[in-house]
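Please model the complete structure; the sequences and the hints are all you need to start from.
If you read the protein sequences in the order shown, they are chains A and B.
Read the first sequence against our numbering and you will find it ends at 129, with the numbers running on by one and no gaps.
Read the second sequence against our numbering and you will find it ends at 338, with the numbers running on by one and no gaps.
Read the hints as simulated data drawn from the structure, not as lab findings.
Treat the hints with care, since some could be wrong.
Unchecked claim - To give an idea of the interface, some chain A residues facing chain B are shown, with a C-beta separation under 7 Å as derived from the structure:
1) Ser59
2) Pro60
3) Leu62
4) Gly115
5) Phe119
6) Gln121
Stated by the list, open to error - Not everything, but these chain B residues come out facing chain A in the computed CB check (under 8 Å):
7) Tyr252
8) Leu266
9) Tyr269
10) Asn271
11) Asp277
12) Thr326
13) Gln327
14) Gly330
15) Pro331
16) Gly332
The beta-carbon is built from N, C-alpha and C at its ideal position, and this holds for glycine as well.
Next come the chains, spelled out residue by residue.
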Amino acid sequence: QKEVEQNSGPLSVPEGAIASLNCTYSDRGSQSFFWYRQYSGKSPELIMFIYSNGDKEDGRFTAQLNKASQYVSLLIRDSQPSDSATYLCAGLAGGTSYGKLTFGQGTILTVHP
Amino acid sequence: DAGVIQSPRHEVTEMGQEVTLRCKPISGHDYLFWYRQTMMRGLELLIYFNNNVPIDDSGMPEDRFSAKMPNASFSTLKIQPSEPRDSAVYFCASSTLAKRTLQETQYFGPGTRLLVL
Chain A
17 QKEVEQNSGP LSVPEGAIAS LNCTYSDRGS QSFFWYRQYS GKSPELIMFI
67 YSNGDKEDGR FTAQLNKASQ YVSLLIRDSQ PSDSATYLCA GLAGGTSYGK
117 LTFGQGTILT VHP
Chain B
222 DAGVIQSPRH EVTEMGQEVT LRCKPISGHD YLFWYRQTMM RGLELLIYFN
272 NNVPIDDSGM PEDRFSAKMP NASFSTLKIQ PSEPRDSAVY FCASSTLAKR
322 TLQETQYFGP GTRLLVL
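Here it is as structure tokens:
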């Protein structure tokens with residue numbers, strides 16, 4: 017079992033809809049979680065990070081963390097075609113591995129006009 | 222800041238040849254990471270350094286791979302001899318860790334696209 021698992025996708029939503037991306041993790045020592053967006057042929061770029069239980073909002077993006085359920089999600093409101101990309105969830109290891117990110121396999125999101 | 226710089230951006234080589242990938246991290250960052258990305262395996266951490274010292278190389282696939290960080294502004298990933306299954310995109314990333322702030326972010330370079338024939 018991978019340490020970070022994402023819903024397999026691909027996910028297709030119409031423009032203006034809410035896109036929901038989900039991630040579970042197995043390492044209870046993980047302190048923080050990150051959502052990266054990767055356009056085809058480009059490098060990953062950070063869009064959100066979260067380290068406290070609950071919700072964190074940034075513009076059209078909301079990250080949710082539930083440490084008891086070991087669950088992280090990313091909601092994209094008012095989805096735009098420019099949001100079409102692969103979304104990578106990553107957990108930051110704690111303890112002696114502090115600094116190490118473990119990535120999920122990614123979810124491909126397509127927003128169609 | 223110019224961001225993380227990687228070279229070359231593309232590399233095509235023949236099986237058995239030595240390949241050296243280079244990375245310049247963001248100035249002031251004390252963590253440097255090497256990743257490999259393929260369609261089949263996704264984004265995999267190969268090795269990472271803290272203050273130029275290798276911390277975890279458990280992701281290095283085999284002895285053909287080696288990485289060095291001789292100083293805070295330069296790192297190399299070497300494959301010798303290269304094999305077709307090494308074909309992938311290799312990313313370098315850097316970060317500096319300050320708890321509970323944005324500086325936990327890893328910033329990725331543009332990647333090196335390696336094709337081994």
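Hint-by-hint comparison with the structure:
A hinted interface residue such as Ser59(A) counts as satisfied when its beta carbon comes closer than 7 Å to some beta carbon of chain B; here the least separation is about 4 Å, so the hint holds. For Pro60(A), the interface hint holds, since its Cβ comes within 7 Å of a Cβ in chain B; the closest pair sits about 5 Å apart. Evaluation of the Leu62(A) hint against chain B yields a held restraint, the C-beta minimum of about 5 Å falling below 7 Å. The beta carbon of Gly115(A) is positioned within 7 Å of a beta carbon in chain B (closest approach about 5 Å), and the interface hint is therefore held.
Interface hint at Phe119(A): satisfied, since its Cβ lies 4 Å from the closest Cβ of chain B, which is below the 7 Å cut-off. Taking 7 Å as the C-beta contact cut-off toward chain B, the hint placing Gln121(A) at the interface holds, the least distance being around 4 Å. With a least beta-carbon distance of about 5 Å to chain A, the hint placing Tyr252(B) at the interface is held under the 8 Å criterion. Given hint, Leu266(B) at the interface with chain A, holds; its Cβ is 7 Å from that chain's nearest Cβ, closer than 8 Å.
Interface hint at Tyr269(B): satisfied, since its Cβ lies 6 Å from the closest Cβ of chain A, which is below the 8 Å cut-off. Interface restraint check for Asn271(B): the shortest CB-CB distance to chain A comes to about 6 Å, inside 8 Å, so the restraint holds. At its closest, the beta carbon of Asp277(B) sits 6 Å from a beta carbon of chain A; the interface hint therefore holds under the 8 Å criterion. The restraint placing Thr326(B) at the interface with chain A holds, with a minimum CB-CB distance near 5 Å, inside the 8 Å limit.
The interface hint given for Gln327(B) holds, since its Cβ lies 6 Å from the closest Cβ of chain A, which is under the 8 Å cut-off. Because the beta carbon of Gly330(B) sits about 6 Å from the nearest beta carbon in chain A, less than 8 Å, this interface hint is met. The beta carbon of Pro331(B) is positioned within 8 Å of a beta carbon in chain A (closest approach about 6 Å), and the interface hint is therefore held. Checking Gly332(B) against chain A: minimum C-beta separation of about 5 Å stays under 8 Å; hint holds.
When the structure is compared with the earlier hints, no violation turns up for any of them.
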